[in-house]
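I would like the entire structure built from these sequences, with the hints used as guidance.
Listed below are the residues making up each chain.
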Amino acid sequence: MSVNNEFQPTIVAFCCNWCSYAGADLSGTNRLQYPANVKIIRIPCSCRLNPMFILRAFQRGADGVILCGCHPGDCHYTTGNYYARRRMTLLFSMLDYLGIERDRTRVEWVSAAEGAKFAATMNDFAATIHKLGPNRRLEDLRCRKD
Amino acid sequence: MQRVGVFVCWCGSNIAATVDVEKVAEVLGQEPGVVFSTHYQYMCSQSGQELIQNAIREHSLTGVVVCSCSPRMHENTFRKTCEKAGLNPYMVEIANIREQCSWIHKNKEEATQKAVILGRAAIAKVHLNAPLTAGTSPVKKRALVIGGGIAGIQTALDIADAGFEVDIVEKEPTIGGKMTQIDKTFPTLDCAACILTPKMVDAAQNEKIKIYSYSEVQSVKGFVGNFRVTIKKKARYVDETKCTGCGLCTEKCPQKKVPNAFNLGLDQRRAIYIPFAQAVPKIATIDADYCTMLKTGKCGVCSKVCTAGAIDYKQTDRFIEEEYGAIVVATGFNPIKLDQYDEFAYSQSPDVVTSLEFERLMNAAGPTGGTLLRPSDGTHPKTIVFVQCVGSRCDDSKGKSYCSKICCMYTAKHAMLCREKYPDTDVYVFYIDVRTPGKNFDEFYRRAVEEYGVHYVKGMVGKVVPENGKLKVQASDLLGNRQLHIDADMVVLAAAIEPDKSARPLATMLTASMDTNDFFTEAHPKLRPVESPTAGIFLSGACQGPKDIPETVAQASAAAAKVIGLLAKDSLICNPCTAAPDELMCNGCSSCEKVCPYGAITYIDKEFRGPNRTTLVRRVAQVNPAVCQGCGACTVACPSGAMDLKGFSNKQIMAEVDAICR
Amino acid sequence: MQERLKQKALELLENGTADRILGWKIGEFFYDLTPAVFKTRQEIQEEFVYSPFAGANLSKYLIAESRKGGKVAVFLKPCDSYSFTQLLKEHRIWRENVYVVGVQCGGMCDMEKLRAKGCEGVLSVGEDGENIVVETLYGTNVFPRAELLEDRCITCKSKKVVTFDELIGEQGTELESDRFSQVAQLEAMTSQERFAFWQKELSRCIRCNACRNVCPACSCEKCVFDNPGSGVRNKAAADSFEESLFHIIRAFHVTGRCTDCGECSRVCPQNIPLHLLNRKMIKDMNELYGTYQAGADPDTKPPLTDFTLDDEEPSIVHTRGGQ
Amino acid sequence: MKKIAISKLNDLFSAISKEKVLYIPADDGANQARFTPWQEGLTLTDKLNTVRSAKDLFFPQVENLVNFKNSGKAIQIIENRTEPQPFVLFGVRACDCRSFDILDRVFLSDPVDTFYKTRREQGVVITLACNRPTETCFCGVFGIDGADPQGDVTCWMDEAALYWRANTEKGEALTAALPMLTDCAEEAIDPIAAKIRSILSKLPLNDLDLTGFNRDRMMELFNSPQWEDLSQSCLGCGTCTFVCPTCQCYDVQDFDDGQQVRRFRCWDSCMFSDFTMMAHGTNRPTQKERFRQRFMHKLSYFPNNNDGIFGCVGCGRCLQKCPIHMHIVKVAKALKEDLK
Amino acid sequence: MMDTIKRISGVNPRKCMKCGKCTASCPAFDEMEFHPHQFVDMVENGRIDQLMQSRGIDFCLSCFACVERCPRNVEPAKLIEAVRLAVVRQQGGDHLRPEAIPHLLDENLPQQAITAAFRKYRK
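Residue numbers (the numbering used here), protein chains in the order written: chain A, 1 to 146; chain B, 1 to 662; chain C, 1 to 323; chain D, 1 to 340; chain E, 1 to 123.
Misleading hints may appear alongside valid ones.
Label pairs and their in silico Cβ distance ranges [what the hints assert, rightly or not]:
1. ASN123(A) / TYR452(B): 54 to 62 Å
2. PRO525(B) / VAL252(D): 49 to 57 Å
3. ARG41(C) / MET218(D): 27 to 35 Å
4. ARG613(B) / ARG41(C): 27 to 35 Å
5. THR4(E) / ALA116(C): 47 to 55 Å
6. THR319(C) / ARG14(E): 16 to 24 Å
7. GLU193(C) / ARG14(E): 34 to 42 Å
8. ALA116(C) / GLU40(D): 22 to 30 Å
9. ASN123(A) / GLN53(E): 49 to 57 Å
10. THR4(E) / GLN39(D): 42 to 50 Å
11. HIS280(D) / GLY73(A): 49 to 57 Å
12. GLU79(D) / LEU288(C): 46 to 54 Å
13. LEU288(C) / ASN123(A): 27 to 35 Å
With a straight-line Cα cutoff of 27 Å, these simulated DSSO-like cross-link-like pairs (lysine-lysine) come out [unchecked claim]:
14. LYS18(E) / LYS337(B)
15. LYS463(B) / LYS398(B)
16. LYS651(B) / LYS73(D)
Since the hints were made in silico from the structure, they are not lab data.
Backbone N, C-alpha and C define an ideal beta-carbon position, used for all residues, glycine too.
This is the structure we're talking about:
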């Protein structure tokens with residue numbers, strides 16, 4: 001069903017239920033466009049994101065993974081995004097250390113009111129991944145689709 | 001694997017215009033486990049819901065995927081729909097193909113493809129869903145208010161008004177708190193005692209309110225609806241049931257040299273005392289640090305003069321255990337100690353006072369009987385210098401980084417009162433900024449300047465040197481670009497305020513979170529300002545942040561309303577999407593406990609069957625589902641993967657990832 | 001030193017302080033010591049060894065040993081004592097059943113280094129001042145002790161025994177070591193170079209799990225990689241991705257809990273420098289969240305279960321390290 | 001008997017690899033040797049032996065079996081076997097060469113493991129006599145002669161030349177295709193072999209005595225109280241198993257890549273906690289049983305079922321690589337005490 | 001120049017909340033045309049030249065009263081010291097050129113004096 005043969009990245013966006021998922025909904029309500037290859041997975045809080053999920057996404061063929069959560073200080077559960085921030089900082093640093101392109105992963109804080117920011121973030125991230133090309137350094141060859 | 005039904009909604013043209021709903025239904029129908037797949041114009045309509053219900057019955061569906069608008073919109077609707085058809089409501093998953101698909105994409109082929117993928121993810125997840133049942137936990141219909149200041153009193157009164165029992169625990173011998181020490185209140189200048197003491201009496205007389213004065217919270221166990229609290233009643237050596245509060249003992253006690261804490265040490269009282277005339281409860285208390293009888297065993301004067309026979313030197317601390325459904329924290333504030341600010345000569349001269357001491361010096365019930373006299377020589381001060389922001393807005397270790405909020409207004413009040421009572425005094429106020437947002441606040445400050453002629457100087461005092469009975473004040477006048485040298489008679493320091501020292505250990509007991517300044521954190525800074533993130537713990541007054549009296553009272557009533565809302569329920573329905581440990585996998589390492597914002601995780605030593613018919617004792621985590629809010633922080637902290645989150649389990653999320661990346 | 005330890009072991013056994021001793025047992029050669037529990041006087045006298053080849057960290061054995069009833073006495077070298085304290089912090093060891101004798105350590109020797117010097121057929125080893133004299137089937141070799149030290153001992157972080165009931169020898173101090181220099185070198189490489197480096201290293205992994213099973217931080221009742229219910233179980237790295245996955249997740253799970261004892265690299269049969277992954281995390285935490293040493297005390301919160309309001313954002317990865 | 005100058009080794013390797021893939025033991029950059037496909041520039045290691053044994057080439061750690069795919073509501077089966085190309089394995093030591101006999105007894109008896117069989121057929125084994133046996137070597141205990149290994153071709157080396165003797169048809173065929181090998185006298189290898197044997201005679205583990213590990217004493221060994229102590233320090237890692245040339249246990253696993261399910265087999269280790277895990281759980285619940293399984297298999301069950309041939313070849317890899325050095329020699333010696 | 005001053009002093013003038021406590025504490029107030037709080041403000045707003053030309057900078061006693069009292073840890077005295085240093089380091093501000101030295105050499109002239117006549121400067 002692919003539209004053309006150009007590289008179409010697969011991007012997984014983990015969004016916290018309270019801010020970023022609502023922000024994504026708002027960008028939809030406002031009809032703000034972003035690429036269709038961004039797919040959102042709803043999690044209760046950014047602190048629910050296990051590093052395993054990110055690696056799993058890369059294994060299964062994702063080219064970029066982004067985590068969106070409430071702005072620090074605004075977490076529905078008070079402290080969740082603070083833990084997420086440390087976890088992701090260390091994880092990203094480790095991935096970078098292992099030679100994985102640092103642009104493949106990102107964390108962005110998007111509030112429920114920031115529909116425009118959500119769309120802009122996704123557009124920018126998708127463009128970055130598009131420029132970066134397919135994920136080759138952290139993929140499982142068995143899951144390659146071509 | 002479930003028997004899954006897929007229901008694709010057109011949402012009129014909202015979805016159908018950009019997503020080929022027929023095709024989505026057809027493709028998803030081919031997915032493993034899908035036994036029924038259809039599409040309909042409005043799935044959320046009555047007939048749409050009936051369609052789902054019929055399909056559940058006809059095809060014996062065990063899982064339902066609705067491809068429609070955001071779950072934030074209709075997840076609950078569809079859950080109820082399915083529940084009515086006999087399906088567990090948590091066997092429903094929503095694929096958001098409107099807000100996150102049809103509305104953001106224009107290319108129909110692309111949008112259709114994406115809708116299919118989102119549907120697949122929902123199907124993959126629903127295969128791993130398990131029926132969940134929301135548990136309930138009973139609510140003990142009694143509230144505890146910790147702290148008996150104006151905040152605690154107001155909260156207690158409001159709760160009692162709604163018909164619930166409420167206890168106040170106050171660490172001092174009387175309730176009333178800081179407001180009892182204040183002379184007049186801004187911006188109306190009515191007398192604090194006149195408005196506070198009736199409330200204190202109301203509290204004492206209210207049948208629903210029980211006051212534990214001279215008491216402290218010793219331990220807190222349990223969770224929302226079911227707290228078990230141990231209260232320590234400190235020994236006051238006076239039988240509360242017998243003491244009539246006549247005050248004879250406080251006149252006869254031979255130990256006269258006790259610094260009077262109520263007047264901040266500006267005068268002295270006896271070893272047995274009632275803090276002030278309107279104290280509630282009006283019961284004498286023996287100060288064990290000074291009482292000759294308690295220290296040496298010789299004296300006993302108070303016992304001899306007490307006609308009620310209330311004195312009991314043998315009294316010891318008593319512990320009371322009570323159950324509560326909700327706890328309100330109203331521990332209040334204190335001015336900071338000014339030892340670190342020696343440039344203002346606070347420790348060198350008795351004529352350099354804090355604003356709270358100044359309140360006592362102005363108060364008719366204070367050490368000077370309401371006449372403003374210098375503590376050093378009892379003369380009228382002619383020149384008074386007020387210094388703002390002493391210890392507030394500091395970036396160093398000496399002070400506090402925040403603005404104490406109330407100082408600008410009370411300093412304006414003090415300055416105004418001085419000028420009003422003693423028009424011959426010169427009053428200077430040194431300020432960095434004057435912050436007076438609030439109803440009639442700025443007008444009040446302007447009156448101090450315009451009507452009362454208070455000299456407001458933009459600048460700061462650099463040093464104060466006591467010299468020949470005067471206070472040499474060196475200050476800057478930034479607008480005049482000059483340095484001022486004032487010979488003052490009195491200097492009043494607006495000390496920063498900080499949370500009461502008892503708050504930190506209390507927060508630990510309550511597992512309520514605090515910020516770095518020891519103010520309690522609210523559940524949400526905007527939307528849930530009177531609740532702690534820990535369920536069942538509410539915040540009233542300055543324990544949450546600096547506040548003036550109107551704000552405190554407003555928040556106190558708000559907290560009361562929240563408590564009433566909780567106590568009005570017979571039982572609490574718990575969120576079923578809670579964390580749960582696999583005990584066989586749990587290491588007992590406490591990682592999860594450390595990140596739980598609600599204190600929902602505890603540990604027990606539990607016996608397990610080991611290999612070869614042995615038993616093993618292991619420390620394992622327990623989650624209290626009544627307290628857990630389901631954030632999932634613990635699931636990631638857990639290295640063994642023992643902790644998982646119902647409804648958002650590791651496997652469910654990974655199944656979604658797999659489906660999306662497929 | 002060995003004699004003092006033996007005497008202590010005998011004393012503890014005889015005065016009833018402990019009913020068994022956890023130490024190192026003699027092997028076929030001078031270097032193949034095995035951690036063992038000694039129960040009798042005779043065993044201690046004949047088989048107890050403490051030598052420059054007693055590298056094995058005994059702390060992890062105490063998870064099981066402390067639960068067996070009775071009291072076990074254990075000899076802990078400084079770095080082992082960090083692991084021990086970290087395990088106490090995680091409630092894994094029942095402290096009341098353990099009697100800890102801290103022992104100083106002059107650095108442990110590495111058989112691999114000896115072999116790397118072409119020393120085959122080694123029969124015995126002797127100490128001659130700062131030199132190690134090795135008798136082999138093919139002659140005698142003499143090496144300065146420093147050349148045979150394990151890599152982890154060359155960059156020893158501390159000679160301090162953090163938890164003990166009794167100390168043999170002097171208490172040591174924390175040392176200034178440049179243990180992060182290799183990490184810094186890697187950080188200074190380009191992303192592509194780092195990727196190549198780690199691909200080369202990790203591709204040798206045979207998933208024997210020695211690194212995990214020896215690691216005192218990997219004390220899980222059941223590892224996610226062994227648990228069929230976890231959804232990520234794998235027994236062999238069937239794809240290069242899985243080599244990385246295992247080591248990334250393992251490094252992440254021990255972040256803030258790894259005391260940098262170096263056992264992972266010591267036991268790796270394929271000589272993969274696994275400690276460089278853990279050290280990277282330690283270095284990051286030190287730089288981003290303030291110095292933290294796991295196992296240095298039983299109370300401090302590990303950085304991943306703590307936070308400050310103004311922590312760095314994950315995007316800092318763009319400005320730190322190499323290109 | 002043939003020979004070739006050491007300086008011409010490269011030509012020899014080059015010629016062999018023209019026809020077949022040639023594996024030689026080479027340094028792996030981490031101070032160890034491994035069998036590596038030869039390409040121009042690759043040289044023989046000076047290490048005695050590889051860390052991973054030669055069995056890897058016949059019984060790889062991971063092997064694809066078959067794939068499944070959902071097509072509509074049906075399941076489609078897709079063959080996914082990698083057929084091995086002819087290859088030559090150079091530099092196999094006597095111990096590893098013997099391990100093939102042991103593996104053959106397992107994989108080539110009914111039901112025949114066709115994966116293994118094809119690889120055995122496709123592979124030519126060239127052994128190399130051990131010039132510098134090390135202290136962990138105890139192949140002699142199993143009647144293996146490090147100075148005269150088996151294989152399709154046997155080689156000896158001294159400073160000047162490589163000596164080459166074809167033992168089998170496969171070996172002869174390969175020899176015939178290598179004209180650079182020149183004839184030489186059989187006696188040429190005698191001094192080399194003598195030198196090796198003099199060292200072999202001095203090896204410290206020569207005194208390992210395995211008499212009595214027979215069927216009659218099996219239950220006695222099985223029930224030995226010593227297993228408790230011996231297994232106590234075992235970490236439960238698979239190092240010994242994975243470096244062992246004779247360990248042959250494997251697990252069959254499925255991997256769902258999203259499109260299809262890939263069934264593959266991978267090495268298992270009796271030291272692993274999920275070894276022989278079944279629906280009801282495991283019948284070897286503690287490390288003691290799993291540890292016992294490994295050594296009982298090598299020292300008792302295998303010889304009992306295979307004409308007294310032990311399941312160990314004395315290569316010494318586990319002696320060097322076990323993280324806590326609880327190796328087969330220690331176990332055998334401890335058990336021997338029970339038999340006295 | 002502003003960055004140089006900030007670098008030399010290690011001070012972040014943006015932290016200043018303009019309370020004037022530094023100026024209130026300054027014992028050399030009357031001697032200086034620019035007072036400590038103005039110093040901070042002028043550095044922040046890049047009016048460094050004016051400061052460098054000011055005679056007042058030499059009247060700062062470096063008593064550090066302002067540093068001690070500042071509630072925001074701005075440390076005005078360090079800024080003033082940095083401006084002084086910047087003046088000293090100005091290029092071309094040397095009292096001597098190397099070529100001139102041979103003429104000046106004399107048995108009794110201390111080496112130190114010649115060295116002192118050179119000023120450190122920055123490019």
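Here is what the structure says about each hint:
1. ASN123(A) / TYR452(B): 54 to 62 Å: Cβ of ASN123(A) to Cβ of TYR452(B): about 60 Å, so the range 54 to 62 Å holds.
2. PRO525(B) / VAL252(D): 49 to 57 Å: 55 Å, holds
3. ARG41(C) / MET218(D): 27 to 35 Å: Check passed, 34 Å falls within 27 to 35 Å.
4. ARG613(B) / ARG41(C): 27 to 35 Å: 33 Å, holds
5. THR4(E) / ALA116(C): 47 to 55 Å: 53 Å, holds
6. THR319(C) / ARG14(E): 16 to 24 Å: 21 Å, holds
7. GLU193(C) / ARG14(E): 34 to 42 Å: About 39 Å separates the Cβ atoms of GLU193(C) and ARG14(E), which means 34 to 42 Å holds.
8. ALA116(C) / GLU40(D): 22 to 30 Å: Hint holds: Cβ distance 27 Å, inside 22 to 30 Å.
9. ASN123(A) / GLN53(E): 49 to 57 Å: Since the Cβ atoms of ASN123(A) and GLN53(E) sit about 52 Å apart, the hinted range of 49 to 57 Å holds.
10. THR4(E) / GLN39(D): 42 to 50 Å: 59 Å, violated
11. HIS280(D) / GLY73(A): 49 to 57 Å: 52 Å Cβ-Cβ, so the 49 to 57 Å window holds.
12. GLU79(D) / LEU288(C): 46 to 54 Å: Since GLU79(D) and LEU288(C) have Cβ atoms about 51 Å apart, the given range 46 to 54 Å holds.
13. LEU288(C) / ASN123(A): 27 to 35 Å: With a Cβ separation near 30 Å, LEU288(C) and ASN123(A) satisfy 27 to 35 Å, so the hint holds.
14. LYS18(E) / LYS337(B): 24 Å, holds
15. LYS463(B) / LYS398(B): 16 Å, holds
16. LYS651(B) / LYS73(D): 24 Å, holds
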